[in-house]
Structure formats: C-alpha cells, structure tokens
Amino acid sequence: MKMSHFIAKRLFYSVFVLLGLSIVIFTMSRIFPGDPARMALGTLAPQWAVDKLREQLHLNDPIHIQYFIWLTNALRGDLGMSLVTKRPVLTDIKTFFPATFELVIFSIILSISISIVIGVTAGRHANSLFDNFVRIASYLGVAMPTFVWAIIAMFIFAYSWNILPALGRLNMGTIPPPRITGMITIDSLLTGNFRAFFDVLKHMIIPGSALAIGRIAQDTRIMRASIVENLRKDYIAAATSYGIPERLVMFKYLMKPSLIPVVSIMGLEISSSMAGSFIIEFIFNWPGFGRYGANAMLNKDLNAIIGSVMIVGVFFALINILVDVIIAYLDPRIRMAFRSE
Amino acid sequence: MEKLGINKKSIQKNWYKFSRNPLSIIGLTVVVAIIFITLFADFIAPYPEHAGWYTDFKNAKLPPSFNHPFGTDTMGRDVLSRVMFGFRYSLMMAFVVLIIVVPIGTFLGLIAGYYNNTWLDTMIMRLTDIFVAIPSLVLAMMISALLKPSLFNAMIAVTLLWWPWYSRLVYGISSSLRNEYFIQSAEMIGASPLHILFREILPNTLAPIFTKMTLDVAWVILIGSSLSFIGLGAQPPTPDLGTMVSDGYKYMPEIWWVSMFPSLAIVLTILGFNLLGDGIRDMLAAEVY
Amino acid sequence: MEKPLLDIQDLYVNYKIYEGTLKVLNGINLKIEKSEKVGLIGETGCGKTTTMKSILRILPQPPAIIPRGKIFFEGENIFEMDSKRLNRLRRLGISMIFQDPTASLNPVFKVGEQLGDIIKYGALESGESLSKEEIKKRSLNILKEVALPDPERLLDNYPIQLSGGMRQRICIAMALISANRLLIADEPSTNLDVTIGDQVLRLIGNIVKEKGTSVILISHALGAVKGLVDRVIVMYAGNIIEDAKKDDLFSNPLHPYTSGLINSVPKLTGGGIPTGINGRLPNYIDPPTGCRFSPRCIHAMPLCRERTPPMIDVGEKHKVTCYLFGEGGS
Numbered sequence: 001m002k003m004s005h006f007i008a009k010r011l012f013y014s015v016f017v018l019l020g021l022s023i024v025i026f027t028m029s030r031i032f033p034g035d036p037a038r039m040a041l042g043t044l045a046p047q048w049a050v051d052k053l054r055e056q057l058h059l060n061d062p063i064h065i066q067y068f069i070w071l072t073n074a075l076r077g078d079l080g081m082s083l084v085t086k087r088p089v090l091t092d093i094k095t096f097f098p099a100t101f102e103l104v105i106f107s108i109i110l111s112i113s114i115s116i117v118i119g120v121t122a123g124r125h126a127n128s129l130f131d132n133f134v135r136i137a138s139y140l141g142v143a144m145p146t147f148v149w150a151i152i153a154m155f156i157f158a159y160s161w162n163i164l165p166a167l168g169r170l171n172m173g174t175i176p177p178p179r180i181t182g183m184i185t186i187d188s189l190l191t192g193n194f195r196a197f198f199d200v201l202k203h204m205i206i207p208g209s210a211l212a213i214g215r216i217a218q219d220t221r222i223m224r225a226s227i228v229e230n231l232r233k234d235y236i237a238a239a240t241s242y243g244i245p246e247r248l249v250m251f252k253y254l255m256k257p258s259l260i261p262v263v264s265i266m267g268l269e270i271s272s273s274m275a276g277s278f279i280i281e282f283i284f285n286w287p288g289f290g291r292y293g294a295n296a297m298l299n300k301d302l303n304a305i306i307g308s309v310m311i312v313g314v315f316f317a318l319i320n321i322l323v324d325v326i327i328a329y330l331d332p333r334i335r336m337a338f339r340s341e
Numbered sequence: 001m002e003k004l005g006i007n008k009k010s011i012q013k014n015w016y017k018f019s020r021n022p023l024s025i026i027g028l029t030v031v032v033a034i035i036f037i038t039l040f041a042d043f044i045a046p047y048p049e050h051a052g053w054y055t056d057f058k059n060a061k062l063p064p065s066f067n068h069p070f071g072t073d074t075m076g077r078d079v080l081s082r083v084m085f086g087f088r089y090s091l092m093m094a095f096v097v098l099i100i101v102v103p104i105g106t107f108l109g110l111i112a113g114y115y116n117n118t119w120l121d122t123m124i125m126r127l128t129d130i131f132v133a134i135p136s137l138v139l140a141m142m143i144s145a146l147l148k149p150s151l152f153n154a155m156i157a158v159t160l161l162w163w164p165w166y167s168r169l170v171y172g173i174s175s176s177l178r179n180e181y182f183i184q185s186a187e188m189i190g191a192s193p194l195h196i197l198f199r200e201i202l203p204n205t206l207a208p209i210f211t212k213m214t215l216d217v218a219w220v221i222l223i224g225s226s227l228s229f230i231g232l233g234a235q236p237p238t239p240d241l242g243t244m245v246s247d248g249y250k251y252m253p254e255i256w257w258v259s260m261f262p263s264l265a266i267v268l269t270i271l272g273f274n275l276l277g278d279g280i281r282d283m284l285a286a287e288v289y
Numbered sequence: 001m002e003k004p005l006l007d008i009q010d011l012y013v014n015y016k017i018y019e020g021t022l023k024v025l026n027g028i029n030l031k032i033e034k035s036e037k038v039g040l041i042g043e044t045g046c047g048k049t050t051t052m053k054s055i056l057r058i059l060p061q062p063p064a065i066i067p068r069g070k071i072f073f074e075g076e077n078i079f080e081m082d083s084k085r086l087n088r089l090r091r092l093g094i095s096m097i098f099q100d101p102t103a104s105l106n107p108v109f110k111v112g113e114q115l116g117d118i119i120k121y122g123a124l125e126s127g128e129s130l131s132k133e134e135i136k137k138r139s140l141n142i143l144k145e146v147a148l149p150d151p152e153r154l155l156d157n158y159p160i161q162l163s164g165g166m167r168q169r170i171c172i173a174m175a176l177i178s179a180n181r182l183l184i185a186d187e188p189s190t191n192l193d194v195t196i197g198d199q200v201l202r203l204i205g206n207i208v209k210e211k212g213t214s215v216i217l218i219s220h221a222l223g224a225v226k227g228l229v230d231r232v233i234v235m236y237a238g239n240i241i242e243d244a245k246k247d248d249l250f251s252n253p254l255h256p257y258t259s260g261l262i263n264s265v266p267k268l269t270g271g272g273i274p275t276g277i278n279g280r281l282p283n284y285i286d287p288p289t290g291c292r293f294s295p296r297c298i299h300a301m302p303l304c305r306e307r308t309p310p311m312i313d314v315g316e317k318h319k320v321t322c323y324l325f326g327e328g329g330s
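Chains A, B and C are the protein sequences, given in the same order.
Numbering follows our numbering, in which position 38 of the first sequence is assigned residue number 38; successive positions increment by one, without gaps.
Numbering follows our numbering, in which position 124 of the second sequence is assigned residue number 124; successive positions increment by one, without gaps.
Numbering follows our numbering, in which position 66 of the third sequence is assigned residue number 66; successive positions increment by one, without gaps.
No lab work stands behind these hints: they were computed from the structure.
Backbone N, C-alpha and C define an ideal beta-carbon position, used for all residues, glycine too.
To give an idea of the chain C side of the interface with chain A (calculated C-beta under 10 Å), a few residues: (1) Arg90; (2) Ser95; (3) Met96; (4) Gln114; (5) Lys120; (6) Glu125; (7) Gln161.
Turn these sequences into a full structure, and let the hints steer you where they fit.
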C-alpha cells in the first residue's frame, strides 16, 4: 500500500480511537461521585443556583443525551465554557497553547541534540570512563520525576546563583511583542523586539531543561545501545574492510541505522513532554496549556478537563502517525513492508 | 518446587546471571532496605507519632541536627520519621495497583491472543488502544481530578489506566505463540482452552511479566508522587512523599530540607527498583553464549 | 626467493568476555604466494574467520586482543601500518567477501551509494578524483562483471529488495573493487541455494583466473573447495593442523582429524554410514594443554598433552601439526 493509503488508514483509525476515548472520558466524568456544579460554585452557594447550573450544563439528562450534545458541540468547535475562566474552553486552549508549544519544542531540541551527541560518543567508546559515567547518570536521570528535577533546578539556578529567572514567562518590565503566532520567541523575532526574545529565552531555560531531563536520560540510553549494537554488525566491519574512511563509516554508515530507534521513540518523547508540561508549567507558573489543564483538574472544571485531555489525545495521535511516516522514510525495510501489503 | 525447575543448581545459575552486574546488587540492597523500613517504620522511626496530625510549632523549621537528622517541617514534625512512613504509602500504592492490574491485564491479554482475529481480540485490544492513546500521567491526573483527590482515589486512577499495558504485553506473546506447533498439538489431543491458556501459554509470559512488574513499581511510584505533588493524590497530613515535597517547595531554598529529603527518597526508591528490574531482566534472559 | 604475498607468523588472538578469556587462536603460521588458490577448512568456531579478520584488522578490539604475532603483506607488517597505509591496503590490496551477504550490506543505504563510496575511495588511492558520472559508470561495469542483470536499476535498490544470490554477487563486486592481490571469501556459498552457490563459486574462480589474484576460500564443507583450489589448509580449535596440496590431502590425509573429516563424508557408492569423530570442540576459556585435538584423538600419546606440537614438514609441500610425524621443528 502506498504512503497516502497508510496515512489515510491511520487517520481513520485514530478517529475511532479518539471517539472511544471521548466516550470513556465523558462517562467517567459523569458517573464519578461529586457534583460538578456544586464544586464550581462552592459550598456557600445557594441550592437554587446549583440546580440552575445543573440545568444549564444538562447534568440532569440521561448520559447518552449528554454525550451526544457534547459531541455535536465539540465537532463544531464548541467545547463548552470553563467554569473557572468563564470563557469558552476552546478560546482558552488557543490562548495558552502556543506557550506550551514553544516550551515543548525548546525542550525537545535540547533533549535530541544532547542525547545524540552524548549517546554516540558513549557508544563509540563503550566501557570507557566517560561511558560508565554516562550510563550511571542516565540511570539517575530516568529515576527522577520531573517535579524533583524542576525543584532542584529552581534551587540551584534561580536562588543560589541568581542567574536565571525562576517563575513566569517574561520579566515584569519587558514589553511583550504583539501576538502573531502566540509564541513569544517567534513573535519577538518577527517584530524585531530582541529584548523580549532574550528575556523569554532566559525564562525558558529552567522549565525547558526540567522538561527535558528525563527524556535526555532515556534517549541517551537508547542512542548508546543502538550505536553499540550496530557497531558489532557485519556491515560496519565490511565497510571498513573495503577501505571506506573511518569518519565516513562512523558518521554516515553507522549513524543512519542507529538513529532509527531514537526517531521511533520520538512520539513518546513529545507526548511525554506534553504530560510533563502539566507539572512543569504548574511549578514555574508558565502560562501554557499545561498549567491551564492542571488548574482545571484541581478546580474540577469539567469542560476544561475534558477539552484538555481530548486535545492531548488528538495531538498524540497525530504525532504518532507523523513518526511512523518519518520512520518509513528513513528505513527502507519498513517502506518495503508497506509496498507488499 | 521441583516441577518449576527450581532446584539448588538453577538458583545458583540465576543468581550468577543476576549478580554479574554490580548495579543489580545495589538495586536489590536498596529495595530490601526500603521494604524493611516500610514494614518496621513503627518501630524504627524516631517519632512515629509525627506521621499524621501533629503540631509542635516551637520546634518547627529546624535544620538537620542530631535529634532530627532530616530536620523538621513547618508543623514541627520530624522529617525523617515522615519519610520512613512515606515509603510505606509509596510501596502500598504500587502493591495494590499491581496486584489488581497484573492478573486482570494478563488474563485479558491471554484470551485476546489465543482467540486472536475474533471479535474478542478486537474488542479487548481496541479498548487497550483507547487507554494508551494519552500519556499515563495525564489520564491519571484526570481520573483523580474527577474523583475526590485522595490516596485511595489516586490508586483507583492508576489501576484503571495501568491494566492495558499488561494486556498488550501478554497479547503479543500469546498471539505469536498461538500458532506454534506445541499449541496446535495440545489442541489436537483435546486439551481444554483453560489448560492451554494457563499451562502452555502463561508460563512463557512469566519472565517478561515479572520484569515489567518490578520496573512498574518504579513507574507507579513516579506517577503516584507526581499526583500527590500536584494535589491530586494523598492529602495532608498523610506523609506521602510527593505531598511532602509539595508542602516544602514554596519554602525553598531557605528551608530546603523539607522538600529535599522526600525528593531524595523518591529518587532512591525509583532508582532501586529500576536497577533491580534490570537485574531481573538479565537473570531471566535467555543465554546468549 | 620472492617474499610471500601474505605471511602470518605465530598469531595468537584472545577474546575477553565476562566469564574469562577465550584463547581462540593458538599460534597460526601461514604463508600464501602470489596467484595461489588456497582452501581453508574447519569446523564452525575453529577460528577461520577470526584469522581472516585479523589480516584486515577489522577485529573489534576490545574485546579481541592480539598478544602475539605478526602479519606481513608483501613484506610490510600489517599491525604496524598507520591508517594511511592501512587504508591503501584495504582499498587496493586485500578484500573479503563476508559470510552472510544480508548482514554485510547496510540495509538503509542504496546499493549504488555503498558501491559508489568504495569506488570513490579506491580511486583516490591511485590519485584519481572521480566525478559522479565516472563513479556510476564504474559501478555499472563492476556489476556487469559479476553477471548481475539490469545493473541500472540495481544501483537504486536497497539490499532488502534483492535475492540472496544477488546480494552475494554485490558483495563479490564490492570485494573485487578493492582486492587486487588477495581475495578472502568467507563461506561464500553457505547461505545460498546449492545451484546459486555453485554459480557464485564458479564466478569467483573465473575472476581470480582473469586477474591473477590470490584467493583464500573458507568453508566448512570439503566438497565446496575441491573444485576451486590448489592447496588446502585444515584448522582445528585455533591451530592449523594440516597444510597440503589438494590432491595430496584428499588421497593421503595425515592428521587424525583430517582423515576423520574426510572419512566422515558419506559416499554415494555405498560403504555404510560413516562414524564421524567423537567429542566436540574444546572450551576456549580452558583449552586442553598441548595439542588441542588430543582429547578426541585415538592415537594420543602422553607427549601430545604436554606441549602443542610444531608444524612438521613431511615433504612435497605437505605439513602436519602432529607428534605422530616427528618431534622436531619444521
């Protein structure tokens, strides 16, 4: 089957999975104990206000009707109102998403570049002092929950040495650029506002690296293992024996097959970063989608919760498809498997 | 025991394979120590009553000292004792989750694999697809948020989203073994499906399951502590390690010990189980040489 | 007297693994002349590939260690060559056709790409800097030389798209570009169907005849080498135990192992099923002292267990490593 068929098939399948996901989430949100209207209005609110809100939110209707209403609205782009911000959920998400996007991209660039460089070096010099150090460090890195690393980073960099700012996205005095894409990095470059550009970068470093740490540890391991395994392969010995210069063997003939496992993990990377952003943005007060989602959950803001989780699901599905396409492009063996189906 | 092939020689051989990597031994030691602390916290903690409602503002926010090796927190409670009890909650959560998830997940995976390409397979596997469509942390946070946040509900949340991983693992093995000759021979001589599932296929899944379980303890603790940290898990005054970190981080860096020691405890626990899990994987791996 | 093309002197190779050190090669002595066709036979695991990889210096070090030994190629010590000389050797002098053609082709690169690089760097040695068209032209030529159909399309293919026989021919083509003096073929027909394997062997034979290249043909099957070579070397557990002209070896095998080997081949003309040789290859971590074949040898003497026998010359270019034929040096 051709690539376009493959993509179409996967998209179609993802739609079904997401639909199923929405049913599961929706059901959970309605059958779990606790009255969302009461929670939204607080314990002091009068009962008639709570009842009115329940009517408004259709909470008294049978569950399949509620789901149908939600689904039809969602497909038209209406994810309901947030009980916390009093704005449409979709608007909230659109407002906050770019901030998360630039943070996640930053952390992924960081994690990919560092882990490739370190992983390749460690793999090529397996069992050396450097390699052993890298292996132990990556064990530690994998064992640290994101929030622990965030706190340590905050502690070391912001307070002890006062180099990098700890909270927020821009300093108080900095004028942000006009909102074009919503990503301050891009917008400030587009409008020539370099002060804002450097300011936001400074603010991104700690949260971004906190987000990246777990990934760096894991990716380095995979890269290293991949290099070590491929170094043993006959085709590397063969290439050397035919007189191909060493640097070409290492950086061309070794690199390409070794990168494939790393790319295949990329989907997990990005989704993991999205999940991690819930915690990181919460700690660092970064005004992004993650903080919005975390607050929604703490405040039992039903529509926002469902909306956020579904958005994560949509992204995850899209990214997985993208990763599969990239791998097929890189590895001819998989491409051939498509053709023969 | 003889029937399972466990005799003196096989124990020696397995120990050899396990102990080849010194890191595995470290992992085992750490895990044993933590389990010990968990079981005997009531006796070895210097101030067991601090692990709950207790206030002593006179002695609050004391730095580490001989009396309080990990210092005291904002309510005057001894951090060391609370950390010891904290291990208990972490391990308890992992235990409860795995004890429910592993049998159910494995069973579903077994039957889905054995009856693969039938509606049973499709139904079960599509269900797992739904659960793995979002990162576990987000799903756990969501479920916890929809229930009233508490340690118990956090356990429910993690249990609900964890079983698909075992089903997928077992499904992979079960469906690939399904067409092997030894299964077909068993069917031909009239073995019941129950026999095939549990006496033929299941033993082949035990090694990966066992490895995954050990590594999963670390994962559950990681997710559990993240949930408590954010406030969607154990609530104060429960001395859950994640909750303790969140109590203290607003006071960083001045009163660093309140967050730092629980953090170290979390990292140590996860590290220990990771190393142990890797060691078990080495031990159960087929011989290469 | 002319210097031999290849002269392996007293080569010892160990492999360090976790359980201990594998003492794989136990003193290899071997000389090969220009335009000589040699067959190297031995059981799987007896050290044939290790020896060959040492020649090209593609043994992974670690875990391999070479505690002793010298290998001379046209008089130069290979182990002392710097990377420039070594590259020259690999690009012009010696090359190897690996055992498994699927494993020796990089799966994520097109055939044309891999072939092109080999040609490009080979030409560099002669001082030529080739253009893309030139490289392509030479690639097509070499593919034609190994009788591959539709070479244009082949250059654009990935190894996965080709059959086993085609892959093996491509490996031969690659080795040909970089082997003017010595070609090492490691079990070239083992992983192929019998008919294809036969064609491949014939192809190697023709090429070698045309270019006057020496060839070392490795196999674990006696029959495979019979047709192609003039001289046969038999290895066992890291030692060369017999070295003779082909006809001599088959009509008059001297070493107990060799005669056991030859007599193990079932004959179509009757005579019952042969008995084979008792025992197995020794453990390399703790090999037997003295002659490594002695535990299995029916003629073993106390002396055999004390010291490894030297290679004894029994005349007519026939050498044996066995105390049955003398005690002194060759």
